[in-house]
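For the sequence shown, counting from 1, position 6 maps to 6 in the UniProt record's numbering; every step adds exactly one.
These aren't lab readings, by the way, just hints derived from the structure by calculation.
All values derive from a computational prediction rather than experimental measurement.
Backbone N, C-alpha and C fix where the C-beta goes; we use that ideal spot for every residue, glycine too.
Any given hint could turn out to be false.
Heads up, simulated BS3-like pairs for lysine-lysine below, C-alpha to C-alpha not over 25 Å straight-line [to be verified]:
id, residue 1, residue 2
1, LYS139, LYS14
2, LYS25, LYS35
3, LYS41, LYS30
4, LYS14, LYS25
5, LYS25, LYS41
So the derived label-pair ranges between C-beta atoms look like this [to be verified]:
id, residue 1, residue 2, range
6, CYS49, LYS114, 52 to 60 Å
7, GLY76, LEU45, 30 to 38 Å
8, LEU36, THR100, 45 to 53 Å
9, LEU118, LEU59, 43 to 51 Å
10, SER44, LEU85, 15 to 23 Å
11, LYS139, LEU59, 17 to 25 Å
12, SER54, GLU101, 39 to 47 Å
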Amino acid sequence: MHKSWGKAGHVSLKLDVSKAYNRVKWSFLKRVLIKLGFHRKIVSLIMTCVTTVSFSFILNGEQFRSLRPEQRLRQGDPLSPYLFLLCAEAFSNMISRAETEGHIEGVVDSRTPKISHLLFADDTLIFCQATPDALHCVKDILSEFEATTGVFSENVEASSRTVLADILNFEVATKHEKYLGLPTVVSRSKREVFDGIKSHI
Numbered sequence: 001m002h003k004s005w006g007k008a009g010h011v012s013l014k015l016d017v018s019k020a021y022n023r024v025k026w027s028f029l030k031r032v033l034i035k036l037g038f039h040r041k042i043v044s045l046i047m048t049c050v051t052t053v054s055f056s057f058i059l060n061g062e063q064f065r066s067l068r069p070e071q072r073l074r075q076g077d078p079l080s081p082y083l084f085l086l087c088a089e090a091f092s093n094m095i096s097r098a099e100t101e102g103h104i105e106g107v108v109d110s111r112t113p114k115i116s117h118l119l120f121a122d123d124t125l126i127f128c129q130a131t132p133d134a135l136h137c138v139k140d141i142l143s144e145f146e147a148t149t150g151v152f153s154e155n156v157e158a159s160s161r162t163v164l165a166d167i168l169n170f171e172v173a174t175k176h177e178k179y180l181g182l183p184t185v186v187s188r189s190k191r192e193v194f195d196g197i198k199s200h201i
């Protein structure tokens, strides 16, 4: 994907979903389950499994009183990844609805469909136009998720980058990192970017 996406300028936002995993509110999870059409008895069973668990600790051979976790999905619980996927589906629908209503606009190449977001195991990428209105819309959508860094296209002026980053309380990325061994931003010279990968095959 090129750094530059047309005259208007776009921005890609990288979200650290692993941080949001521990911040999913039980009330939000319940609303998602009901909205997705789960029977209320199933919802009740799931919420019982989520909310009634307790932990006990043994220190120097002595057992302490049980502790009950607060509003979040538990790491290590085999049910938690599936529940988080449902929450991610709701998040995806929120972005798609904003795009359908014209509040945000994804990026598009001459030979590909328009893309507004990509969801991975631990990260999410959101693409939209680099305007205050679009980023305010994204900020509203991100109320349940914690964002980390932002990457702007070359068509966004340096002065505008700071203003737009402040809207989301983001840090402007100065060094493009890799994801699953691949660069997150690709210049026009694809040969130069991917030669290192080709040499390892």
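Evaluated hints:
The suggested pairing of LYS139 with LYS14 holds, with an alpha-carbon distance near 13 Å, which does not exceed 25 Å. Our distance criterion of 25 Å between C-alpha atoms is met by LYS25 and LYS35, whose separation comes to about 15 Å. Of the pairs offered as hints, the one joining LYS41 and LYS30 holds, with about 12 Å between alpha carbons and a cut-off of 25 Å not exceeded. With a C-alpha separation of about 22 Å, the suggested pair LYS14 and LYS25 falls inside the 25 Å cut-off, and the hint holds.
Of the supplied pair hints, the one linking LYS25 and LYS41 holds, its CA atoms being roughly 20 Å apart against a limit of 25 Å. Between CYS49 and LYS114 the Cβ separation comes to about 39 Å, which falls outside the hinted range of 52 to 60 Å. For the pair GLY76 and LEU45, the beta carbons lie near 20 Å from each other, so the given range of 30 to 38 Å is not met. Range check, LEU36 to THR100: about 19 Å between beta-carbon atoms, so the 45 to 53 Å window is missed.
Range check, LEU118 to LEU59: about 44 Å between beta-carbon atoms, so the 43 to 51 Å window is met. Under the hint 15 to 23 Å, the C-beta atoms of SER44 and LEU85, about 20 Å apart, fit the expected range. Roughly 44 Å separates the CB atoms of LYS139 and LEU59, a value that falls outside the hinted 17 to 25 Å. Between SER54 and GLU101 the CB atoms are about 43 Å apart, so this pair conforms to the stated range of 39 to 47 Å.
Hints 6, 7, 8 and 11 from the earlier list are contradicted by this structure; the remaining hints agree with it.
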